[in-house]
Amino acid sequence: MTALSLPTSTAADLLEGFPFPFSHDSYRYSTNVEPARSPVATPVGQWGASVVTVDSEYHRELAERAVLLERDPSRYGVLPHMEVACWDAMLVLLRELASARPDAFHLDVVDAEGPTYRWRNDLLGIEQTFVVGRRETLPAEPLAWACQQVQEDVVLLDQRSGELYGDAGVVTFAADWSFGFDLGMTFLEIHGPVPRVHAEGVIPRAREFILRLQPGQVYRRTNWTLTVGRRLDVATETYPEWGPDRAMVLHVDDDAFGHLVHLRVEVQHLLRLPESGAVMFLIRTHLLPLADIARVPAWRERTAAVLTELPQDMADYKGIAAYRSRAAAWLRDCTSTTTPAPASPSALAPEESR
Amino acid sequence: MAGTTGMSGSVRERLRLVVVALDDSVPGIRSLVLADAGGAPLPPFTPGSHVVLEVPAGPPGSARPRPTANAYSLTGENAHPLDYRISVLRAREGGGSAWVHDLAVGDRVTALGPRSGFAPVQRAAKHLLLGAGIGVTPLVSHLRSAVRWGRDAELVHLHRSGAGAHAADLAELAARGARVTTVTDRESFTALLDDLLRTQPFGTHLYCCGPAGFMELVTAAAARSGWPASRVHTESFGVEALDPGAPFQVAVAGRTVEVPAGTSLLEALEDAGLAVPNLCRQGVCGECRVSVTVPEGGRLVHRDLYLDDDEKRAGRCAMACVSRALPTSGAAADLEVHL
Ligand code: HEM
Ligand code: FES
Chain F
1 MTALSLPTST
11 AADLLEGFPF
21 PFSHDSYRYS
31 TNVEPARSPV
41 ATPVGQWGAS
51 VVTVDSEYHR
61 ELAERAVLLE
71 RDPSRYGVLP
81 HMEVACWDAM
91 LVLLRELASA
101 RPDAFHLDVV
111 DAEGPTYRWR
121 NDLLGIEQTF
131 VVGRRETLPA
141 EPLAWACQQV
151 QEDVVLLDQR
161 SGELYGDAGV
171 VTFAADWSFG
181 FDLGMTFLEI
191 HGPVPRVHAE
201 GVIPRAREFI
211 LRLQPGQVYR
221 RTNWTLTVGR
231 RLDVATETYP
241 EWGPDRAMVL
251 HVDDDAFGHL
261 VHLRVEVQHL
271 LRLPESGAVM
281 FLIRTHLLPL
291 ADIARVPAWR
301 ERTAAVLTEL
311 PQDMADYKGI
321 AAYRSRAAAW
331 LRDCTSTTTP
341 APASPSALAP
351 EESR
Chain B
1 MAGTTGMSGS
11 VRERLRLVVV
21 ALDDSVPGIR
31 SLVLADAGGA
41 PLPPFTPGSH
51 VVLEVPAGPP
61 GSARPRPTAN
71 AYSLTGENAH
81 PLDYRISVLR
91 AREGGGSAWV
101 HDLAVGDRVT
111 ALGPRSGFAP
121 VQRAAKHLLL
131 GAGIGVTPLV
141 SHLRSAVRWG
151 RDAELVHLHR
161 SGAGAHAADL
171 AELAARGARV
181 TTVTDRESFT
191 ALLDDLLRTQ
201 PFGTHLYCCG
211 PAGFMELVTA
221 AAARSGWPAS
231 RVHTESFGVE
241 ALDPGAPFQV
251 AVAGRTVEVP
261 AGTSLLEALE
271 DAGLAVPNLC
281 RQGVCGECRV
291 SVTVPEGGRL
301 VHRDLYLDDD
311 EKRAGRCAMA
321 CVSRALPTSG
331 AAADLEVHL
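Just so you know, the sequences run in chain order F and B.
Going by UniProt numbering, the first residue of the first sequence is number 1, and it counts up by one from there.
Going by UniProt numbering, the first residue of the second sequence is number 1, and it counts up by one from there.
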């Protein structure tokens with residue numbers, strides 16, 4: 001089981017591209033959306049320049065997605081009226097890949113009639129010519145095929161009668177929720193279990209905002225939690241596999257604790273698809289062990305502060321109530337005990353913190 | 001996208017376009033083909049979308065003393081547009097449409113990028129598209145998309161004989177399987193309408209665009225035939241000037257401001273020294289949106305083409321350039337505006 005094998009070391013690009021989510025020493029829910037495609041500098045690198053992100057986990061995560069879909073087909077779902085939205089989403093995802101990594105992905109119009117495109121994915125060795133709307137010109141259904149090539153999870157929301165419905169998607173890396181259960185629900189129903197956000201207006205405001213989103217606009221936000229192990233699949237469906245780790249991790253030694261507990265950050269993008277008018281919601285999950293968080297002093301201090309201050313109901317909802325105090329203490333203490341090597345010289349400059 | 005702030009979601013890309021072709025073959029209507037001035041591809045758009053053309057001020061003392069902006073439906077290919085196509089009915093002399101009718105091939109124009117407010121409903125069993133005159137324009141892209149994706153759609157175009165805008169586009173789509181009917185007198189249309197409204201499959205959505213009288217006719221007939229309002233969508237581009245309205249009072253920034261008949265809320269706020277961002281001053285661009293509270297017994301008349309039906313029903317915001325409050329009896333002010 002992934003959670004029990006200690007990861008050896010984190011690839012440099014995962015630390016450098018980590019979207020550290022905290023801008024204050026305390027964290028509360030808010031309708032934290034901002035225009036996308038602008039890079040955010042961190043003490044060790046940057047994130048956010050593109051809508052989709054390809055990193056050194058690309059092959060491993062896509063292989064994992066394939067296994068999960070094979071084992072549990074309910075993680076992919078498309079209601080019948082979402083066919084156009086799926087083609088739309090596929091084209092946007094391919095375009096975003098090509099714009100994020102022009103060295104590795106290429107999308108060209110070969111014939112405006114149809115229209116017909118040629119796609120090349122050099123990382124996976126894919127070459128495909130397809131006609132939009134013609135299923136037989138693709139090796140798989142359009143959304144499924146695109147999700148074999150992006151690390152992002154995808155939910156497509158249909159907008160009708162002034163309401164948003166999560167009517168299609170591929171979600172293999174859900175953080176403690178179930179895509180199969182949520183399929184077809186409204187935006188408000190999907191957020192039903194989240195504490196505070198309804199009374200505080202966070203979710204109603206987010207809904208108003210999404211309803212008004214126009215094609216061409218792309219916004220993003222982050223969300224976070226803690227996960228035991230470098231484990232992307234913590235969906236409700238596999239709870240028996242990962243649920244017990246939350247108690248288990250209290251009993252491992254300090255060294256193992258710092259390597260097992262990960263800060264899990266989702267960079268979420270929201271955009272309106274042009275042809276169908278549906279909304280595409282992308283969830284890109286980044287995991288970084290506390291041992292690596294601790295290599296960046298500003299991150300270490302801030303994460304410790306946030307975990308300490310987090311109100312109990314939010315900790316309960318996030319499923320981290322049992323071990324967040326130990327995580328905070330671990331981060332605070334590891335200055336005095338261990339002094340891990342910095343990732344780069346600038347990593348130790350606290351004044352550069354976000 | 002361009003640098004933006006906050007939650008408004010209203011920031012739109014400004015496109016620099018050049019006129020590459022003109023067609024004046026239908027009397028009073030000019031069709032234009034616009035391409036990106038730098039040769040770049042143009043953003044794709046949702047069927048039913050429009051662009052807002054910026055219209056410069058005319059010479060001093062002319063009928064157009066200040067710059068304005070007009071909304072025009074995009075009628076061409078939407079998924080991978082190589083150009084943008086619009087059709088403009090020549091209306092008032094000296095207005096924005098007259099300016100468009102004076103453009104020549106090679107002229108530069110600036111437009112706010114596509115905005116969608118009249119989109120197809122993907123789950124609809126069928127789309128019934130009813131257009132009158134120039135009001136057929138947003139329905140052309142609906143029909144093209146329906147043909148591409150094999151959706152059930154039927155279009156009826158009412159126009160004066162010999163003056164059918166987009167007849168060639170519609171004929172081409174009909175040749176590819178679309179159902180298109182043309183009617184040239186109101187009586188035949190009314191008879192056909194009643195028939196159509198009674199025979200649609202369950203789950204059909206009705207899209208209607210044309211002059212105010214036409215839309216009233218269609219929406220009233222739909223209501224009589226039991227169509228729920230949520231399945232009836234209207235768009236009213238290219239229609240006549242708004243009526244001056246009755247005077248009303250607004251409470252704003254701790255004072256009371258009078259809005260006389262014939263003066264817009266925007267103008268009244270400006271006259272009172274209260275700045276509100278604005279551009280088109282005719283309810284299409286979205287710049288002048290203000291938060292409002294409607295007092296007990298009060299009523300807001302939106303009249304804009306920017307907010308969607310749900311936003312209008314919610315009544316929490318208004319477009320200062322065209323929206324008005326109806327005078328209430330008793331309340332201290334007919335509308336509260338929060339700047
Ligand atoms: C601006 C937009 C959005 C905001 C502000 C927002 C906010 C939130 C917040 C605060 C949470 C709780 C997270 C936590 O504590 O771990 C949450 C959970 C969630 N969000 Fe969103 N969200 C947004 C968009 C979306 C969209 C478009 C979807 C698409 C389906 C979505 C799906 C979910 C799901 C499935 C959960 C987990 C709910 C559960 O526990 O079952 N969110 N969201
Ligand atoms: S100024 Fe454009 S909508 Fe009012």
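Some hints could be false.
[To be verified] FRET-style restraints, in silico, Cβ to Cβ:
1. F:I126 with B:A191: 54 to 60 Å
2. F:D55 with B:S25: 51 to 57 Å
3. F:H198 with B:G297: 26 to 32 Å
4. F:D316 with B:G39: 54 to 60 Å
5. B:R313 with F:R28: 27 to 33 Å
6. F:H198 with B:A246: 36 to 42 Å
7. B:R16 with F:D55: 50 to 56 Å
8. F:L124 with B:D310: 41 to 47 Å
9. F:D13 with B:R108: 40 to 46 Å
10. F:E241 with B:A275: 33 to 39 Å
Read the hints as simulated data drawn from the structure, not as lab findings.
Every residue gets a Cβ at the ideal spot worked out from N, C-alpha and C, and that includes glycine.
Against the structure, the hints:
1. F:I126 with B:A191: 54 to 60 Å: holds (56 Å)
2. F:D55 with B:S25: 51 to 57 Å: holds (56 Å)
3. F:H198 with B:G297: 26 to 32 Å: Given a distance of about 30 Å, which is inside 26 to 32 Å, the answer is holds.
4. F:D316 with B:G39: 54 to 60 Å: With Cβ atoms ~57 Å apart, the hint holds.
5. B:R313 with F:R28: 27 to 33 Å: holds (31 Å)
6. F:H198 with B:A246: 36 to 42 Å: holds (40 Å)
7. B:R16 with F:D55: 50 to 56 Å: At 36 Å between Cβs, range violated.
8. F:L124 with B:D310: 41 to 47 Å: holds (43 Å)
9. F:D13 with B:R108: 40 to 46 Å: holds (44 Å)
10. F:E241 with B:A275: 33 to 39 Å: Violated, since E241 of chain F and A275 of chain B (Cβ atoms, about 59 Å apart) do not stay within the stated range.
Checked against the numbered hints given earlier, the structure breaks hints 7 and 10 and satisfies all the rest.
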